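Once you've looked at the hints, dock chains L and A with the ligands against the given chain X.
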Amino acid sequence: MAISSGINNAGEDIFPKLSLSERSSQQVDRMLSKSSLSTVVLGVLAGVVIGLGMYTFVYAKGYSYLTTDPQACTNCHVMQEHFDAWQKSSHRAVATCSDCHTPHNPITKYVVKAENGFFHSLAFTSGWFPDNISIRPRDARVTEGTCRHCHAEITTSIVGPHSAKDMSCVRCHFNVGHSAASFVMSNRPEGQSNGQR
Amino acid sequence: NIFEHKQEAKNPFYRVVELNDRTEDPSVWGKNFPMQYDLYLRTVDQQRTRYGGSEALPHSPTEGDPREIVTRSKIQEDERLKRMWAGYSFSIDYREKRGHAWMLTDQTFTERQKAGPPGACLNCHASMVTTYNKLGNGDIFKGFEAVNRMPYPEARKLVNHPIACIDCHDPQTMQLRVTRPAFIEGMRALKASQGIKDYDVNKQATRQEMRAFVCGQCHVTYYFKGKEKRLTYPWDKGLKVEQIVAQENQDKVVEWTHAETGAQVFKARHPEFETWSQGVHARSGVTCADCHMPYMRQGGLKISDHNVRSPLLNINRACQTCHRWPEQELKDRVEEIQTRYYDTRNIALNALMDLISDIKAAKAAGASDAELAEARKWQRDAQFYIDFLVSENSMGFHADQYSVKSLAEAIDMCRKGQLSLRQRNLQRVATSASSGNAARK
Amino acid sequence: NIFEHKQEAKNPFYRVVELNDRTEDPSVWGKNFPMQYDLYLRTVDQQRTRYGGSEALPHSPTEGDPREIVTRSKIQEDERLKRMWAGYSFSIDYREKRGHAWMLTDQTFTERQKAGPPGACLNCHASMVTTYNKLGNGDIFKGFEAVNRMPYPEARKLVNHPIACIDCHDPQTMQLRVTRPAFIEGMRALKASQGIKDYDVNKQATRQEMRAFVCGQCHVTYYFKGKEKRLTYPWDKGLKVEQIVAQENQDKVVEWTHAETGAQVFKARHPEFETWSQGVHARSGVTCADCHMPYMRQGGLKISDHNVRSPLLNINRACQTCHRWPEQELKDRVEEIQTRYYDTRNIALNALMDLISDIKAAKAAGASDAELAEARKWQRDAQFYIDFLVSENSMGFHADQYSVKSLAEAIDMCRKGQLSLRQRNLQRVATSASSGNAARK
Ligand SMILES: [Ca+2]
Ligand SMILES: [Ca+2]
Numbered sequence: 001m002a003i004s005s006g007i008n009n010a011g012e013d014i015f016p017k018l019s020l021s022e023r024s025s026q027q028v029d030r031m032l033s034k035s036s037l038s039t040v041v042l043g044v045l046a047g048v049v050i051g052l053g054m055y056t057f058v059y060a061k062g063y064s065y066l067t068t069d070p071q072a073c074t075n076c077h078v079m080q081e082h083f084d085a086w087q088k089s090s091h092r093a094v095a096t097c098s099d100c101h102t103p104h105n106p107i108t109k110y111v112v113k114a115e116n117g118f119f120h121s122l123a124f125t126s127g128w129f130p131d132n133i134s135i136r137p138r139d140a141r142v143t144e145g146t147c148r149h150c151h152a153e154i155t156t157s158i159v160g161p162h163s164a165k166d167m168s169c170v171r172c173h174f175n176v177g178h179s180a181a182s183f184v185m186s187n188r189p190e191g192q193s194n195g196q197r
Numbered sequence: 001n002i003f004e005h006k007q008e009a010k011n012p013f014y015r016v017v018e019l020n021d022r023t024e025d026p027s028v029w030g031k032n033f034p035m036q037y038d039l040y041l042r043t044v045d046q047q048r049t050r051y052g053g054s055e056a057l058p059h060s061p062t063e064g065d066p067r068e069i070v071t072r073s074k075i076q077e078d079e080r081l082k083r084m085w086a087g088y089s090f091s092i093d094y095r096e097k098r099g100h101a102w103m104l105t106d107q108t109f110t111e112r113q114k115a116g117p118p119g120a121c122l123n124c125h126a127s128m129v130t131t132y133n134k135l136g137n138g139d140i141f142k143g144f145e146a147v148n149r150m151p152y153p154e155a156r157k158l159v160n161h162p163i164a165c166i167d168c169h170d171p172q173t174m175q176l177r178v179t180r181p182a183f184i185e186g187m188r189a190l191k192a193s194q195g196i197k198d199y200d201v202n203k204q205a206t207r208q209e210m211r212a213f214v215c216g217q218c219h220v221t222y223y224f225k226g227k228e229k230r231l232t233y234p235w236d237k238g239l240k241v242e243q244i245v246a247q248e249n250q251d252k253v254v255e256w257t258h259a260e261t262g263a264q265v266f267k268a269r270h271p272e273f274e275t276w277s278q279g280v281h282a283r284s285g286v287t288c289a290d291c292h293m294p295y296m297r298q299g300g301l302k303i304s305d306h307n308v309r310s311p312l313l314n315i316n317r318a319c320q321t322c323h324r325w326p327e328q329e330l331k332d333r334v335e336e337i338q339t340r341y342y343d344t345r346n347i348a349l350n351a352l353m354d355l356i357s358d359i360k361a362a363k364a365a366g367a368s369d370a371e372l373a374e375a376r377k378w379q380r381d382a383q384f385y386i387d388f389l390v391s392e393n394s395m396g397f398h399a400d401q402y403s404v405k406s407l408a409e410a411i412d413m414c415r416k417g418q419l420s421l422r423q424r425n426l427q428r429v430a431t432s433a434s435s436g437n438a439a440r441k
Numbered sequence: 001n002i003f004e005h006k007q008e009a010k011n012p013f014y015r016v017v018e019l020n021d022r023t024e025d026p027s028v029w030g031k032n033f034p035m036q037y038d039l040y041l042r043t044v045d046q047q048r049t050r051y052g053g054s055e056a057l058p059h060s061p062t063e064g065d066p067r068e069i070v071t072r073s074k075i076q077e078d079e080r081l082k083r084m085w086a087g088y089s090f091s092i093d094y095r096e097k098r099g100h101a102w103m104l105t106d107q108t109f110t111e112r113q114k115a116g117p118p119g120a121c122l123n124c125h126a127s128m129v130t131t132y133n134k135l136g137n138g139d140i141f142k143g144f145e146a147v148n149r150m151p152y153p154e155a156r157k158l159v160n161h162p163i164a165c166i167d168c169h170d171p172q173t174m175q176l177r178v179t180r181p182a183f184i185e186g187m188r189a190l191k192a193s194q195g196i197k198d199y200d201v202n203k204q205a206t207r208q209e210m211r212a213f214v215c216g217q218c219h220v221t222y223y224f225k226g227k228e229k230r231l232t233y234p235w236d237k238g239l240k241v242e243q244i245v246a247q248e249n250q251d252k253v254v255e256w257t258h259a260e261t262g263a264q265v266f267k268a269r270h271p272e273f274e275t276w277s278q279g280v281h282a283r284s285g286v287t288c289a290d291c292h293m294p295y296m297r298q299g300g301l302k303i304s305d306h307n308v309r310s311p312l313l314n315i316n317r318a319c320q321t322c323h324r325w326p327e328q329e330l331k332d333r334v335e336e337i338q339t340r341y342y343d344t345r346n347i348a349l350n351a352l353m354d355l356i357s358d359i360k361a362a363k364a365a366g367a368s369d370a371e372l373a374e375a376r377k378w379q380r381d382a383q384f385y386i387d388f389l390v391s392e393n394s395m396g397f398h399a400d401q402y403s404v405k406s407l408a409e410a411i412d413m414c415r416k417g418q419l420s421l422r423q424r425n426l427q428r429v430a431t432s433a434s435s436g437n438a439a440r441k
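Chains as they are written, first to last, in our numbering: chain X, 1 to 197; chain L, 1 to 441; chain A, 1 to 441.
Chain X with its partners taken away, still in its complex shape:
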């Protein structure tokens, strides 16, 4: 059990899970358990689902995923917070949503975009997603890749020859794109700290 020693938590067995697999697997659970529909989903499968997906892909502008315009992401209000936070972030002027959320490799780029576009559209329409969205393992890997792509120079010393084993950028820089903190701050006076002490 994790409690017995923090060491377990300092390593692969817990750490990457924190931003990767576990986080989203249980998110999927939630999405399914959330809807008694889960069985229906399997039943109706392809037809309706794809239908729905495509429907929103068009109606809810899921195809926005194919663009690089951040504004386009906010065609879904569920992306609004991220957009607002991004506008307050250190990257607003230097990186757009898709700069961080799609591979910087022309081929895979559109695959990822189309796939996310489709599934997020589906999720959006069906409502099968948690209020606090968290990044999927695959997309987290994509994002980590983009950090390294743009920051290759400055990070050679820490990802370079001196470290066979990899390390996550997001572990420390989780708020570069749109920090949770800025979600919090966004509904209160900046830096407001409660008077009680």
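Treat the hints as calculated values from the structure; they're not laboratory data. Any given hint might turn out to be false.
The calculated label-pair distances, taken between Cβ atoms and stated as ranges, are [to be verified]:
#, chain 1, residue 1, chain 2, residue 2, range
1, X, Q80, L, D139, 41 to 51 Å
2, X, H91, A, R72, 45 to 55 Å
3, L, N202, A, H323, 28 to 38 Å
4, A, H323, L, D251, 32 to 42 Å
5, A, H323, L, I196, 20 to 30 Å
6, A, T257, L, Q264, 44 to 54 Å
7, L, L57, A, E255, 51 to 61 Å
8, X, K88, L, I196, 25 to 35 Å
9, A, Q47, X, H91, 28 to 38 Å
Below, computed lysine-lysine pairings styled on DSSO-like, alpha-carbon distance capped at 27 Å [unchecked claim]:
#, chain 1, residue 1, chain 2, residue 2
10, A, K157, A, K227
11, A, K227, A, K363
12, A, K331, X, K88
13, L, K416, A, K82
14, L, K97, L, K82
15, A, K331, L, K240
16, A, K197, A, K142
17, L, K416, A, K363
18, A, K363, L, K331
On the chain L side, residues computed to face chain X include the following (Cβ under 8 Å) [what the hints assert, rightly or not]:
#, residue
19, R297
20, N316
21, R317
22, Q320
23, R324
Computed from a predicted structure; not experimentally measured. Ideal Cβ positions, reconstructed from N, Cα and C, are used throughout, including at glycine.
Frame of chain X; chains L and A with the ligands shown alone:
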């Protein structure tokens, strides 16, 4: 479906009815705000967490107590609590709390009613705005004073609902507001101690503070002052347990005489607000509402979850806005903090039981009041510390280090009480025993 | 300028010299890695923080101790520490620690040398890789065993530097590595207790774990096992203080007899690693290096700040990447946690002094060893708890709730020790005193 999303996004609420300070019935407010109303109604639900939430137990209705569902009895679960409160109404009946929907019922039918409580009790168990206004002809302070001193049964007739929209919201603007004179007075005293004069919570508090203050109207420790039974929050010196003990000692508060030891003691109650204020979340501007009424999506809207409950039943919304850890990990973190607290709490309760046993035994052995005075004083203070921590409902989470630190102080007090007693006994026999100097030193 | 950046980017470090496991001198490594080397040299600097860092005090060199600068004496600052260690070398000399550059000098000239320590001491105060390899002809475990049992002065001749690059890095790849057999063994025992067999830290640890393990080679509690003086980290049952006490009790560790009470006692030392592992940062995967060696920019590169020091001297880099609070606020948060801890620590130290006084007095009054046995056992365990917490260097920050909880347990133990004694005294006289039953109960 998708149309809804777009619709609602444009126009959040429809003003179906006009609301004013005479509109008590939440179902009427519900016409304008159906989503919040529906959620508010769900506070009847009961569900356990490891240390919190509540359990629904069947109860065969008697005419004295028609409830068909009650919660677990805390004093049966832990005999030490019963003994700590020996001689006081809490040793008759003290149960797990549950959702807001139950507050009026549970208060009306608790066996503590045998002690004949004052109307002041209602301040935190019913919707009081209209009642206070009526009795005070528009002056809530006057209405408050009137209710305080009434006998409970009489006052009970004047109220109809558990907490309702009107108790937290301004009917015109829907802004949060404080409607409880006791909180307004307590907060004024607290701010004064920090050098801020004539603090007016409804004018000066930030929106973020209000998201905690509305809860602080009730989730606090209190006592009834004088025969006017004025509901009082003893915050004149600050919100830390040591400051509250100092204040109540200064006010010479004595609520009962301990049945086993004869000590003059006083009670602490659910100090969630005071405890939260000492934690890192309060320090970070995180309020009660952030965790107990987190934002949730309904259709295209973000609304506050009015089903006020344990955040552990709602981790994604309550915690993951700020913490990127998986739900299970967040739950484990809370339980690790709570278990450390729980273990320390056991040490403290055992120390208190030992002190009570020693005083009782010394009394039985004929020790005089003068000889018992010091030990009884230790019991009085230590017991309040422990009560303060035991009555708090987050099992240490609201302020993890502070809570355990206070327990450490209480443990030391209990043991010093025991020592004071034994030392004195020794001195009495010292002359006849070589080991006397050992004791006297 | 940009050109320079590009250059470095392609090949951040220029292999000026070839490095291997015989290259001990850090200045040689510095030819390849000048930035890290320059920072490493800065660990000579001394600066205070409220509770940490270190203060440079002038010292007039004697031939016994040529140091011109020393740190404050902790036992002069707090007499209670001196008394806790009465009869042991720590009551002769125990000072504030300071930067890595000082480790070998400070060990060589501490007055604790009077106690004639073993070579094992060097494991954590010098660059040992080459020495271990030489003595063990390539087998560091053999070399380790050889050094352990030598008298210190003899072993001292075999080493030349305080900790150097080679102690944390693989000369070929520059990857982190563990070079201390005691840590390898301790970690293997710990993992075994968690059901992981034959754990090999250098093969199985993640990069993230290594960022803490390299520090855990020295910032841990230890004892010398048997007459081979084998340096041992007692982690077989776990890293919590109660698990370590249990282990050392099982190993029947006795380091000295307390001068005032005659209790058989043992010492805890700088358990930063063990304590950190119980805190929320470890749980969040935040390691020693993250806070004590944060990344910094130099030229166009990110490098680790090899000027290992208090993060409070480097808040912007050490904390603000993860915590968006202002520097002053972060400092205040640390000091709030440390002050709560410090206050509880005082209660615990006072309780221990009372226990020592009582045992001493009882002894003086002619109590027999049998009569003192229980109280002495309480002193043994409680004192280790308190020593463990007092010797830890973050003043409670590394694990805020856990540290205070452990103090609470220690306070209870000290007081129980006192009670056990007085109870026994009372029983002895009970027959002759009416208050006897009071006492016996
Ligand atoms: Ca804390
Ligand atoms: Ca904590």
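Can you list which hints this structure breaks, lowest number first? 11 and 18
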